[in-house]
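Full structure from sequences and hints, please.
These protein sequence lines map, in sequence, to chains U and Z.
Using the numbering used here, you'd call the opening residue of the first sequence number 552 and step up by one each time.
Using the numbering used here, you'd call the opening residue of the second sequence number 7 and step up by one each time.
Heads up, some of the hints might be wrong.
[Claimed, not checked] From the structure, some residues in chain Z lie toward chain U, with a derived Cβ separation under 7 angstroms:
no. : residue
1   : W214
2   : L242
3   : Q243
4   : I248
5   : Q249
6   : S339
7   : F352
8   : R354
What the hints contain is simulated information worked out from the structure, not anything from laboratory work.
Even for Gly, the Cβ is constructed at its ideal location relative to N, Cα and C.
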Amino acid sequence: MADSIRVVIVDDHSIFRSGLRADLDASVDVVGEAADVPSAIAVIAETQPDVVLLDVHLPGGAGDDAAGGEAVIRGSAPTGARFLALSVSDAAADVVRVIRAGARGYITKGSSGIEVSSAVHAVAEGDAVFSPRLAGFVLDAFGAVAGETATATDELDRLSAREQEVMRLIARGYAYKEVASELFISIKTVETHVSSVLRKLQLSSRHELTAWASERRLL
Amino acid sequence: MGDMSSSAHAPARPPRVAAPPRPPLTRDRDCLVAGVSAGLARHLGARVWMVRGLFIVLTLCGGAGAFLYAWCWMFTPWAEGESAPTRRMPVAWLLLAPAAVGMLVVLSWRGGSDWLSGTIPPGPAAAVVGGTAVFATGAGLWATLIDRTDTARGPRHTMSIRILAILLLALMFTVLLSWPVARSGVALVLIPLLGLAAVISSTLIPRWRELSGERIRRIREEQRSQMAAHLHDSVLQTLALIQNRAGASSEAARLARAQERELRAWLYDGDAPADSDLPTDLRDYAGALELDYPVRIDVVSAGLSAERASGELAAAAREAILNAARHAGGEISVYIEGSASGVDVFIRDRGAGFRIDDVPSDRLGVRESIIGRMRRAGGSGRVRSDDNGTEVHLSITAGAHQDRPVARTAASREENRG
Chain U
552 MADSIRVVIV
562 DDHSIFRSGL
572 RADLDASVDV
582 VGEAADVPSA
592 IAVIAETQPD
602 VVLLDVHLPG
612 GAGDDAAGGE
622 AVIRGSAPTG
632 ARFLALSVSD
642 AAADVVRVIR
652 AGARGYITKG
662 SSGIEVSSAV
672 HAVAEGDAVF
682 SPRLAGFVLD
692 AFGAVAGETA
702 TATDELDRLS
712 AREQEVMRLI
722 ARGYAYKEVA
732 SELFISIKTV
742 ETHVSSVLRK
752 LQLSSRHELT
762 AWASERRLL
Chain Z
7 MGDMSSSAHA
17 PARPPRVAAP
27 PRPPLTRDRD
37 CLVAGVSAGL
47 ARHLGARVWM
57 VRGLFIVLTL
67 CGGAGAFLYA
77 WCWMFTPWAE
87 GESAPTRRMP
97 VAWLLLAPAA
107 VGMLVVLSWR
117 GGSDWLSGTI
127 PPGPAAAVVG
137 GTAVFATGAG
147 LWATLIDRTD
157 TARGPRHTMS
167 IRILAILLLA
177 LMFTVLLSWP
187 VARSGVALVL
197 IPLLGLAAVI
207 SSTLIPRWRE
217 LSGERIRRIR
227 EEQRSQMAAH
237 LHDSVLQTLA
247 LIQNRAGASS
257 EAARLARAQE
267 RELRAWLYDG
277 DAPADSDLPT
287 DLRDYAGALE
297 LDYPVRIDVV
307 SAGLSAERAS
317 GELAAAAREA
327 ILNAARHAGG
337 EISVYIEGSA
347 SGVDVFIRDR
357 GAGFRIDDVP
367 SDRLGVRESI
377 IGRMRRAGGS
387 GRVRSDDNGT
397 EVHLSITAGA
407 HQDRPVARTA
417 ASREENRG
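Have a look at this one:
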């Protein structure tokens with residue numbers, strides 16, 4: 552029980568849910584499934600999972616389907632569940648929106664069961680999951696490419712020099728472990744940096760985050 | 007000669023010659039009035055003046071020629087081209103001139119008050135009034151609807167014709183109205199009024215066309231986005247699932263991935279710029295490689311890059327990606343970062359790695375096509391390889407990659423060798 556992570560899969564395609572369920576490794580225990588916003592909120596409230604694998608596009612929300620993922624995150628706020636967004640979407644706007652709504656990262660639907668499982672573990676432990684593309688987008692949106700660097704530690708609108716280094720290595724395809732050995736820091740420190748970037752992504756009011764996201768494709 | 011003699015033997019059957027294909031029936035964009043006669047003459051292989059004469063003669067036969075002309079005008083398409091049609095004949099002025107003459111006639115009648123004394127029969131009176139109104143209205147409509155897009159005339163021309171036509175019709179209307187005994191018919195007063203209404207309201211027609219065009223575009227856009235949403239939900243999910251279940255480097259997964267990329271490009275990149283930049287170019291190249299090698303190439307870009315896809319950096323990057331696909335396989339990450347000071351490209355693979363010193367000196371791939379090429383272009387290429395994979399780092403500073411003739415010839419010489 553201590554090792555097994557309780558997961559709920561929320562996706563409107565049953566074939567995808569069953570495929571993913573079969574692919575996840577033994578350390579992940581799928582305790583529930585849901586296909587739309589109301590049933591997802593109900594299942595999450597009932598099963599109290601550690602991690603929710605959440606499709607970005609979901610029917611049954613108040614607005615259009617693209618906002619379904621956010622609606623689930625908002626509706627499940629009282630539970631302690633952490634959210635990992637699953638997306639086939641190409642629109643950076645959708646992915647950034649669910650992350651700003653509270654998801655701890657996102658992963659593409661083409662990812663293998665092993666990748667999804669390890670991402671689930673990372674999210675369950677409170678870490679953020681950053682794909683190379685999301686890292687590239689973050690570097691872009693926070694002006695790191697143009698040379699903007701945060702001077703104070705509590706600044707939300709720019710990345711610190713160290714965070715930029717970590718993001719660059721992730722964008723270059725390095726795993727957290729490789730980033731750590733490259734920068735001569737511990738994995739825990741890398742995870743701290745990534746989490747702080749995620750916090751900035753969620754809280755920052757930089758207009759590029761939304762403006763650029765709507766112009767660019769992320770996946 | 008042989009033909010001649012054989013035809014002499016069989017004079018009843020002259021040799022049949024296949025008719026040369028006729029030029030298509032189209033109207034020139036640079037035409038006299040509408041391009042009908044010139045187009046028809048070219049299509050039939052006749053002279054233009056003959057076709058024009060035929061139209062005129064037929065018109066005299068109860069107006070058949072005019073109808074035929076109008077019919078050809080409606081159904082003959084414009085010749086291929088981009089420019090707006092331009093007409094050499096000032097049709098609007100030619101229509102306005104008889105209207106002005108007719109107006110003068112009506113005014114002279116009015117001055118002489120012949121109508122009062124009944125010397126003017128109602129028949130010719132109606133013909134003159136009607137003809138004048140029709141010509142003035144025709145001039146106004148022609149200027150508004152047809153000459154408006156003509157670059158040789160422009161809006162000022164349209165405006166002056168319209169004003170003159172409206173003045174003529176209004177004058178005619180007041181003259182007829184003030185005629186105390188214009189009892190020859192309310193209809194006669196109504197003719198210039200109708201013309202006036204037609205000329206004034208004709209500006210609404212282009213606007214209405216624009217509006218309906220806008221509506222059609224919006225409907226198309228809506229349908230497209232509906233279709234995109236549907237494909238997104240069903241087909242992309244299925245393709246993702248296929249890749250997921252079939253294993254990253256299997257044939258099915260590669261096909262599904264290529265199909266997914268094409269579909270995405272179609273769905274989202276509607277109006278991509280034709281001249282591709284570096285990230286787009288490398289993405290396309292990676293997509294093509296994925297079909298040939300069991301690899302998955304992830305291209306990430308940050309910043310705005312002014313680097314052209316045809317530059318030396320792009321060539322070196324392509325070479326590095328090809329090397330990674332050929333020798334390492336599996337997952338390959340490409341990261342492009344473009345800033346004001348320069349462009350960096352990283353290509354990382356997860357292969358077994360190699361030592362650059364171990365590569366025989368006659369193998370040109372890495373040393374010449376990547377490192378040497380970058381050095382000649384004024385940038386740098388570095389290769390780092392260990393057991394966990396290889397990373398190639400290409401970098402070029404802004405301004406260094408100007409088209410230097412030395413770099414160019416060196417590169418082309420090398421391509422000849424390789």
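Go through the numbered hints given earlier and state which of them the structure violates, listing their numbers in rising order. 1, 4
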